Amino acid sequence: MFSSSLKKMVVWTGMFSCLLWIVGCGGDSGGTPKYATKKRPASTESQDSATENSSKDSGKKAASANQKADGWGTLKGTITLAGDIPTLPAVTIEKDVEVCKEHASVNETLLVNSGNRGIKNVFVYLGKKPDEVHPDLVEASDAVVDFDQKNCVFLTHALAMHVDQDLNLLNSDPVSHNTRIQGGSSGEANPLLPAGADPQKFKFNRKTRNPVPVSCNIHPWMKSYVLAQDHPYFAVTDENGAFEIPNLPSGIALDLRVWHEASGLVDSAGGEVVKGKWSVTLEADVTQEESFDIDVSSLDVE
Amino acid sequence: MPASEETWRNQPKLNIVFALSSLAMLGSLVWMVEVDHFREWKQYARMFKKEEVRRLQERQGALAEADSQGRGQVQDAIDSVTLGRGREVLNLPVLDAFNSPLKIDTIWLPDLKQSIGSFGESARFDRCASCHIPIDRAAPGTATEPGWPLQKTPEDQDGYIHPYVTHPRLELFTGSTSPHSKQEFGCTICHRGQGGDTDFIFTSHTPNTPRQAKEWEHRQGWFENHYWDQPQWPKRFIQASCVQCHHDVVELKHNKQFGESAPKLVEGYMLVRKFGCFGCHEINGFEDGRSVGPDLRLEPASSETIARSLVEVERMISDVAAPTPTGVASLMEATRDPNVVPGRLRKVGPSLARIAEKTTEDWTSRWIKNPGAFRPQTRMPHFYGLYNNGDDLGQARGDVEIRAMTHYLFRESRAHLGRLDQAHGHEGAALQNQAGEVRSQLDAIKAELLSETLEGSDRIQKITEKETLVSQLALLEQESAFRKQALLGEVSLAGDALRGAELFVQKGCLACHQHGAVDQESFDGAKADFGPDLTNFSAKLKSETARNWLVQWLSNPRVHHPRGYMPDLQLVPQEAADLAAWLLDQPGKWHEEVEVEELDLESLDDLVEMYLQKSVPLIDARQYLTDGIPESEKGMLRADEQELLGDPSVEKKLSYVGRKTLSRFGCFGCHDVPGYETAKPIGTGLADWGRKDPDLLAFELVSKYIDDEMETAEGEGDANEDTEYYHDAIDHHKRQGFLWQKLHEPRSFDYEKLNLAIKPYDERLRMPQFHFDSDEAENDRKIESVVTFVLGMTADPPAEQFVYRPAGDSRNQIEGVKLLTRFNCVGCHMMETPQFTFQFNPEFHELTQVTVDQRAIDYAFHATDFTAEQARNSGNSDTATVTGLVMGADAENLSEAEERDVALWQPALIKGKRFRVGEQILLPRDGMVSERPGFGGDFALGLVESLVRSAGLERADAWPRVPPPLVREGEKVQTSWLYQFLLNPKPIRPAVVLRMPDFNLNDREARSLAEYFAANDGVPAYDTMVETSDSYLAQRQSEHQGRLGPDRDYLSDAYKILANPQVCRQCHAVGGSSPAGEQKDHGPNLTSAPQRFRSDWLLRWLGRPKRVLPYTAMPENFQNGNPGTHQKVFPADQSLDQLRAVRDVMLNYHKILERQLTDLRPAVPTASEGEGE
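Here the protein sequences come in this chain order: A and B.
Its first residue numbered 1, the first sequence is counted upward by one per residue in the numbering used here.
Its first residue numbered 1, the second sequence is counted upward by one per residue in the numbering used here.
No lab work stands behind these hints: they were computed from the structure.
Be aware that a few hints might be false.
[Stated by the list, open to error] Straight-line alpha carbon distances no greater than 25 Å define the calculated SDA-like cross-link-like pairs of lysine to any residue that follow:
1) A:Lys-201 with B:Pro-1105
2) A:Lys-275 with B:Arg-949
3) A:Lys-201 with B:Gly-1121
4) B:Lys-1056 with A:Ser-172
5) B:Lys-1056 with A:Ala-197
6) A:Lys-223 with A:Glu-272
7) A:Lys-207 with B:Asp-926
8) B:Lys-1080 with A:Thr-92
9) A:Lys-129 with B:Leu-923
10) A:Lys-207 with B:Gly-912
11) A:Lys-207 with B:Pro-907
12) B:Lys-913 with A:Asp-164
Given the structure is predicted, the values throughout are model-derived calculations rather than measurements.
I would like the entire structure built from these sequences, with the hints used as guidance.
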């Protein structure tokens, strides 16, 4: 009994001092990035196997614990739809028609660019906070993010943010909305925002695993999704299906997630992304292009 | 004679003898002292003392040097055990014989008498604690933690072995503050055995398994003491003893204060209830009007008794209000003997009065022969295909009996239906009449409205009345047209099977039934077996009228069987037709072929002769058989024999044998059978079976049967330990052995008795074979539960003060639990949410990071009320327990890490941190210690999963659409409202996909159930609703005016918020205006709030809905500290006043509405104003 608690104590003290040490290092690295002076991993084998993994078995975690990033790279790409572009039924507006009819009838569940077939509102993000974050990205996570609604549409239909940021809930309509954020254990809120209401602040408890739904029960067609992460590596595709995540750690297999509201975790047509998991390895100081298709049959659209 | 030196005896010899005898004396003295010193209990006591001192010294050693006070205290404790230095010598041999500090611990219980066979009763004295010393000792500093915990594994360093072990659950047993303290109850009242002895063997310890018996024999020389009537219960039956005092039984499982205490016993009780054992074996818990044990008896008269008389049927049906359950109940009430406590249970099987309508004779005869071949899980036991009808004679006669019973049932059923058809013609007419009345009322109101003589509120009221009448009329017309069709002709409504499939899931059928064709994945946990499995249902419904029957049955089961448990699902006729279409569309088959032989006339005659012989001489019997019974004999005959009056025919003989067989097997114990309305149960009463003299049990040759069977089965592996135990019990002629074999193979007691010379055919055993579970091990377990319950029934309660006689809230809670299970309310509604216990994992520290930010808008009354001590204990504990519902989206997204989001339904403490209702926490993927499923709600859970899968909803969005959990329902609703709702359920929430069915409760049942909820939440049953009183409102008014000026009106100001189109009216109908949009997105109408809600609950709900109902979509409209810009009445620092005002105006809704109408009224002549009021 006693010996086991002693053991626990030793382990905890050890872990705590390790933590202190890591924090201390982080502080030191303030100006010049330490990683620049570090050598690349001695064996190139491990790197090869990582790349191999990323192409063959993207679902597996390729990076081993002692692998270190060797620099920073940028990931960009386009996510497109394979198959016929479905026509979604328009949203029926039965309430506050005067205010809502203008924009709200667009069904935002799946927005595909008819030109390049790019899918809008796909979330691409790193599944876990990396050991180091690019110094340029450490800052800028304090700002407040506006979350507004106009003409019974959430102006940010797909929003990715840093968990330290605050959401500023607004209502620019002359009618009431309630903004129901269903973050589960990451944080929930459901304030009533009548016309002309003061903005309300919302803060997540912690990062969300995947994007969480935000809705308005007064206008049941209103939907939006918010992703809050504890790191700055996330992007949402634009109307061309394009995304870009700059300054990702390079030289290690990145465990990315891909999520879209019509499917939840995405399965890509080519098998690059399986159940939302996407493994990519970048090279230092290179902008790498990685694109893939999503088959229309894997989406839940009626 | 001079004295001589010579002695009579040889002195040296004597010296030797004396020396030897002295030595022998000394030896025996030493022996005596030795025996005394090493008496069993003294050895245990010494061992215990030694260990106790060791523990105390260890504790002392662990204390800091400087803590002299603590050390002193422990030293005192040590001294009190060792008696201080120097006095230890008293424990030495010899000395300990005189004033030993080791004393026998006797508990004297003069009021808890024990029976000593035919000698009567004596006071009880228990000395068990002489060896089991720490039996009631709590760990230092705690009230109920065991001071001497049981060793769980041989490696467990902190545990102890018997007898150095504390009793489990000190808060419930032996503890000084427990309801069964050691001093008050002793030990043997529960454990049995010979409490006065202090010897392992003679206290009648009883081993739990044959292996344990061998161990004890080997180690302690144990042997079975046949001379003590009540040996201790073996561990497997210990819960049986609870029945002595706990006659309601259910409180031993569902108990707010103590949780589960005797789950096995309760399971046995529930099984007896579920399988209807009481149909044949009366369990009368009353003696001279006093409760002496569990009471499981049938209702005094089933409604079929009443319905049998056509006069009564007509009376009930022509009466507009009938046939309501209360109507039937009051009829029954009127006929019963006021001195007898009536039974309360309904028969477990369906009524057979209408069997001809739904199925065929072919199906019925095959079903009787082998019900399991059609429905493996059926509760119907097997009467045929068993040991004692396996011989040629049994097989031939069995099939004749089956045909005979079927013949009789169908003949009676057709006659019954004929009578009913006649009567239902009247019902159609009654509905028509009713519709006519409503129509004329409606015309009158229309005329009144047209004449425009009405003003203001009167007019509004009339308009409302008119609308009610219009909808009533539509319903009546639809209903009467439909009834007429269904009962008198073809159901013309065509059903849509596809819609039916959807309805089958949505309308709650799966709360009681299973069906192989529905989404098994969603309803994985909902293995409902309250009603029959409907998988092959269509194979049963092969009669021509089956569709009609089904549609009618679904629309209103009460028409068919007034006392059945199938509720009225409040379906519209089209829905019933759709459901029927789907059910009949599904393929149906028998799992195995069952053939009933063609009628064998010879065997039929044999049977007729055999039965006739019982009432007339053999010569007459033979005569009657060939010539029939002459009409002139009619007066001399009993009902059965009257079947044979007149010329003989096969039909008559069939009916005769059918009747005889139905009586022999007692089919009416579970089914309403026409012609058997007043028949008495056929089996042995079980109310005092637990003390039946085992010598009176007819074991017959069952031991031989088992030996022979075992021999033939040899090589298939050894019987398991439990089977071995029971075989042993049978060999020793113990009650449990008898019972176990009766439930296992009831007919095996006829072993080697099938020869007619030994036993006549009709005396063969009748007890059917039950299948409690299709899984054999599970079946064995359940049999043991039933055995436990039956062994416990001794109808011999101890003195009155020891018997548990709950009153008030406790009584209501027990009655409530019984009703919740009897009507299967718990099939749909969750009464307690699941509980999760997990290891606190520091790496999972995120758990403790629920931001306090989100609590800023809570009101003070939303805070948790844990004490500082509870928080401290939780902080020290490595585990935490939370209670709530798993939330989140589709399971697929969550499965990744096997983490689950749980919304708390009860406040929780995790590592000392307080969490409120509605807050969500993440359960760690590793380190789950235990999970306890909720109580009830399997169907709701299944429907949620089904909606999540099929409609892609979040769980939080699916929950509002299914039957709601009834956690804290008592705090929420007024008992009087609930009572009305149970008897007359009305739609409340537009979002929900199914309606509360009408359960056909009688008045007493509805009242008990309504009061249960209040009792369960510990709130008074009836709320004063002081918020609606004039004095309360006057006080608020003056406060309001004092704050904001004399021209303000409290209720009117509050109504401005309620009627603000930006707030409540977005989703709720207020003041006559309905919200726009689809109905399923609306909230309930607020007009019922004054009758429905309790005021405190409403305040908490409006203040922050999520703190009351975690999944709710209702927004936070009245946040604390933020009254919002949507009202200009209450200043920012008065959010509580605002909240209270909204609550008050909701509860005084009618008042304010009336005032609004008065204000709207244009200038009215003063004369009519007086009239209006």
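Verification of the supplied hints:
For the hint pairing A:Lys-201 with B:Pro-1105, the CA-to-CA distance comes to about 19 Å; that is within 25 Å, so the pair holds. Pair hint A:Lys-275 plus B:Arg-949 holds up; C-alpha atoms about 17 Å apart against a cutoff of 25 Å. Straight-line distance between C-alpha atoms of A:Lys-201 and B:Gly-1121 comes to about 14 Å, which keeps the hinted pair within the 25 Å bound. For a cut-off of 25 Å, the pair hint linking B:Lys-1056 to A:Ser-172 stands: about 23 Å separates their Cα positions.
Pair hint B:Lys-1056 plus A:Ala-197 holds up; C-alpha atoms about 17 Å apart against a cutoff of 25 Å. Our distance criterion of 25 Å between C-alpha atoms is broken by A:Lys-223 and A:Glu-272, whose separation comes to about 29 Å. This hinted pair checks out: A:Lys-207 and B:Asp-926 have alpha carbons roughly 20 Å apart, not beyond 25 Å. Pair hint B:Lys-1080 plus A:Thr-92 holds up; C-alpha atoms about 14 Å apart against a cutoff of 25 Å.
Proximity of A:Lys-129 to B:Leu-923 is assessed by CA-CA distance (about 21 Å); at most 25 Å being required, the pair is judged to hold. The hinted pair formed by A:Lys-207 and B:Gly-912 meets the criterion: a straight-line CA distance of about 23 Å does not exceed 25 Å. Proximity of A:Lys-207 to B:Pro-907 is assessed by CA-CA distance (about 24 Å); at most 25 Å being required, the pair is judged to hold. The suggested pairing of B:Lys-913 with A:Asp-164 holds, with an alpha-carbon distance near 22 Å, which does not exceed 25 Å.
When each numbered hint is compared with the structure, a violation occurs for hint 6 only.
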